[in-house]
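Enquirer: So the protein lines, in turn, are chains S and G. Under our numbering, the first residue of the first sequence is numbered 103, with each subsequent residue one higher. Under our numbering, the first residue of the second sequence is numbered 103, with each subsequent residue one higher.
Among the clues, some could well be false.
Because identical chains cannot be distinguished in the list, a pair is counted as satisfied if it fits within a single copy or across any two copies.
[What the hints assert, rightly or not] In silico lysine-lysine, DSS-like type, Cα no more than 25 Å apart, as pairs:
1) LYS445 - LYS381
2) LYS126 - LYS486
3) LYS443 - LYS486
4) LYS378 - LYS445
5) LYS133 - LYS445
6) LYS531 - LYS341
7) LYS133 - LYS341
8) LYS539 - LYS133
9) LYS443 - LYS341
10) LYS133 - LYS486
11) LYS378 - LYS486
12) LYS486 - LYS341
Calculated from the structure, these hints are not laboratory results.
2 protein chains.
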Amino acid sequence: MIQDYSTALMTDMYEYTMLDAALKDGTANRKCVFEVFTRHLPLGRRYGVVAGTGRILDALEHFHLNEADLRFLSDRGIVSAETIKWLENFTFTGTIKGYREGEMFFPNSPVLEVEGTFGECTLLETLLLSILNYDSAVASAASRMVSAAGDRPCMDMGSRRTNESSAIAAARAAVVGGFQGTSNLRAAQLYGLNVIGTSAHCFTLVHDSERDAFVSQVKAMGVNTTLLVDTYNIENAIKTAVEVAGPELGCVRIDSGDLAALAQRVRNQLDTLGAKNTKITVTNDLDEYALASLQSAPVDSYGVGTMLVTGSGAPTCAMVYKLTEREGENGVMVPVAKHSKNKATTPGRKLAFRSYEYGLADAEHVVCGSEEQLARFQPEEDWKDLMVNYMNHGEADTQYQGSDAIVNARNHRAQSLAELPITAQSLMKGDPSIPTKIDLL
Amino acid sequence: MIQDYSTALMTDMYEYTMLDAALKDGTANRKCVFEVFTRHLPLGRRYGVVAGTGRILDALEHFHLNEADLRFLSDRGIVSAETIKWLENFTFTGTIKGYREGEMFFPNSPVLEVEGTFGECTLLETLLLSILNYDSAVASAASRMVSAAGDRPCMDMGSRRTNESSAIAAARAAVVGGFQGTSNLRAAQLYGLNVIGTSAHCFTLVHDSERDAFVSQVKAMGVNTTLLVDTYNIENAIKTAVEVAGPELGCVRIDSGDLAALAQRVRNQLDTLGAKNTKITVTNDLDEYALASLQSAPVDSYGVGTMLVTGSGAPTCAMVYKLTEREGENGVMVPVAKHSKNKATTPGRKLAFRSYEYGLADAEHVVCGSEEQLARFQPEEDWKDLMVNYMNHGEADTQYQGSDAIVNARNHRAQSLAELPITAQSLMKGDPSIPTKIDLL
């Protein structure tokens, strides 16, 4: 990492070589509309949750090539001297709209629409996709876990099982997906998230006895702390924990074994010892299915790691960034699409709405056409418009950045999910919970 | 991202709260040995490839708390004022040894050993695991892909399908795993990697015709460029491509459809047109199985994306960081281990060797004991010592950082894999290709 932070090379080389050729032939200045969408949800998933748009706005603030970046492009001969000149004061001046963070998405939902010149839009492809694909994968997994957990809070503890920077994005996306907090300090610092923590086995092991470790932890952190009780023998540990902290002990954590059975035994033992308010948290490779199976166990909260930060089997959303409309030689906008086998695209700009019946969503409507056609389009009365304006001619709408935006996204996810048919919350494999209807004007 | 870059909060909160308690009770100063290992390989995998240790050395250079970090820990009440004081000039002064980058690993291989005080070692847990878990997952997947690709070069094109910073680490890990280069500019800049690129469908679509796009690209990049030929109709595109660039055209890329059949058709057509030296590269959700199935197709190189950067079904290596030995009250080192169900650990320091029969590895030997026992241990004559010294009392051995280290790791991976039984290169699910023998002295 360099001091003068830039996101401008977090891209694939071809974006700069295409820019170089397009500057030479003039097409770099053509107005363009690009769209982000996915062709399918991960197998059997009912919906996805959009996350990462706030981070996109952050990343674009830093999308300026610094001297080292320009030198690199020049030294490696990636672009011509004229293009280096063009890049010197580069800043994205286009317009971005898209689904809100926390919004549900389905196959072909136009999650993001980017409008600007070909030159400026093409440079953003990889960075936008990286952010949306990973963050939405985590938020989508988180959302299923939160449904399976019911009223019990879920906490992100997955940092160690993904790249150290992904971990920060994962913590944020987990909260968008309905999690209550994270163990990741950098994420808490950067995004103002709740930060939580318990204790590790090494803390018990570094002490001469488990009792010494508990005494030390309670002394430093107070009786409301969470003691880890499965280093040696859980029954002995619970006894020691309540002796050390008293019946006001905040919480105990179990990290191994048959969690449902152990939680019941630990609950009984705590109750017998008078620690009726001491909570139980469990961790240990949990996923949405494990959480569902723990519904009747006396557990108060969950720490979820690996399966959260790796998208619970779907570590990417397979979103793509495609040109859908561009200016022609005569200045008129032309809808375009590729015809590649199994990878064809739908031409034209898009609007997106969700329709409802008896208060529940029954379809996603993607309306495609020219700017004029879309301006004239009248959605039906109960249709909700799914797109918001993130950036207007290079100016970000700051309401979508920062900690408040994450809280809003979290609330929006809860509301948006509640408006889907109840099958959306099923963990059984099935079709997307509402169909996507493409409407070509 | 902040200007004054620090990795010190890329951790879980409990590391700092444990430090706080351990400083208060004195155990923070106890000498400790921590070990990184995994209990199992991903289902059916024959081996894993270590990657990320060079990045660990880089990350530790930045593991110093800046003012914002200290203020955050203080404002959130995570640690006491005394601990803030202790952290002000924190720098890791311990010793790290471990497997080389590019080395094969198996269940219970002591991939990394960290020695220092409890306080300094505990702070590193999450950061070290994040790096090793992700980088090794990608290198392990890459290695299988490279075996399946035979002599044909594999290129990383996966940046868009993982977090934007993961993408950089993935490119580096891919090369450790045997890839030849990456499309990721930032990774190429940071690690001196080969950078490659072709062209996107949007470049064809922004032009008034495919021919215009090809003319523009060849003009900007020369005839040795790679033209993307599946935007509309592949046969027409090949014809146009050779008309535009001549028979000296460098390469064409196919990104959709039945790649084996298309490659054959494209090869025939190119040959007929006299473009006998024009190469064919294919991309499109390739994994090691797809590469294996393309062995007899006339393809010259592969661009691999999603499945590379997500570890081809195993996005983490499930490595853990466990305390194995620590100083007692009397200053004598004591081996320690947790007894948690299914998660018990092996106490004591470790040495690691690989033994050979007829030139091929036949076992991994993990020798556990006290420092004195291990110093006296005599491995058998043909055993290879698998551990190198990465850091000595806070001083990194710089031969393991930078671009040369990546090339060395790549070569080491090839040699190390060649010394495993040939079944290691099988894509069929099976047991680890050599057993790990634990030797308690």
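Enquirer: Determine for every hint whether it applies to the structure shown.
Expert: Quick rundown of the hints versus the structure:
1. Proximity of LYS445 and LYS381 under a CA criterion of 25 Å is satisfied inter-copy only: 23 Å between copies versus 51 Å inside one chain copy.
2. In this assembly of identical chains, the alpha carbons of LYS126 and LYS486 never lie at most 25 Å apart, being 43 Å within a copy and 57 Å across copies at closest.
3. For the identical chains of this complex, LYS443 and LYS486 are neighbours neither inside a copy (33 Å) nor across copies (51 Å), given an alpha-carbon limit of 25 Å.
4. Within a single copy, LYS378 and LYS445 get their C-alpha atoms no closer than 58 Å, and across copies no closer than 29 Å, so neither meets the 25 Å cut-off.
5. In this assembly of identical chains, the alpha carbons of LYS133 and LYS445 lie at most 25 Å apart only when taken from the same copy (24 Å versus 58 Å across copies).
6. For the identical chains of this complex, LYS531 and LYS341 are neighbours neither inside a copy (43 Å) nor across copies (45 Å), given an alpha-carbon limit of 25 Å.
7. Taking CA atoms no more than 25 Å apart as the test, LYS133 paired with LYS341 passes in neither setting, with 70 Å inside one copy and 29 Å between copies.
8. For a Cα distance limit of 25 Å, the shortest separation of LYS539 from LYS133 qualifies neither inside one copy, at 27 Å, nor across copies, at 64 Å.
9. Taking identical chains as interchangeable, the C-alpha atoms of LYS443 and LYS341 lie at most 25 Å apart only when they sit on different chains, with a minimum of 19 Å there against 65 Å within one chain.
10. With identical chains, the CA atoms of LYS133 and LYS486 are never at most 25 Å apart, being 28 Å at best within one copy and 61 Å at best between copies.
11. In this assembly of identical chains, the alpha carbons of LYS378 and LYS486 never lie at most 25 Å apart, being 47 Å within a copy and 56 Å across copies at closest.
12. In the homo-oligomer, the alpha carbons of LYS486 and LYS341 never lie at most 25 Å apart, since the shortest distance is 56 Å inside one protomer and 48 Å across protomers.
The earlier numbered hints that this structure contradicts are 2, 3, 4, 6, 7, 8, 10, 11 and 12.
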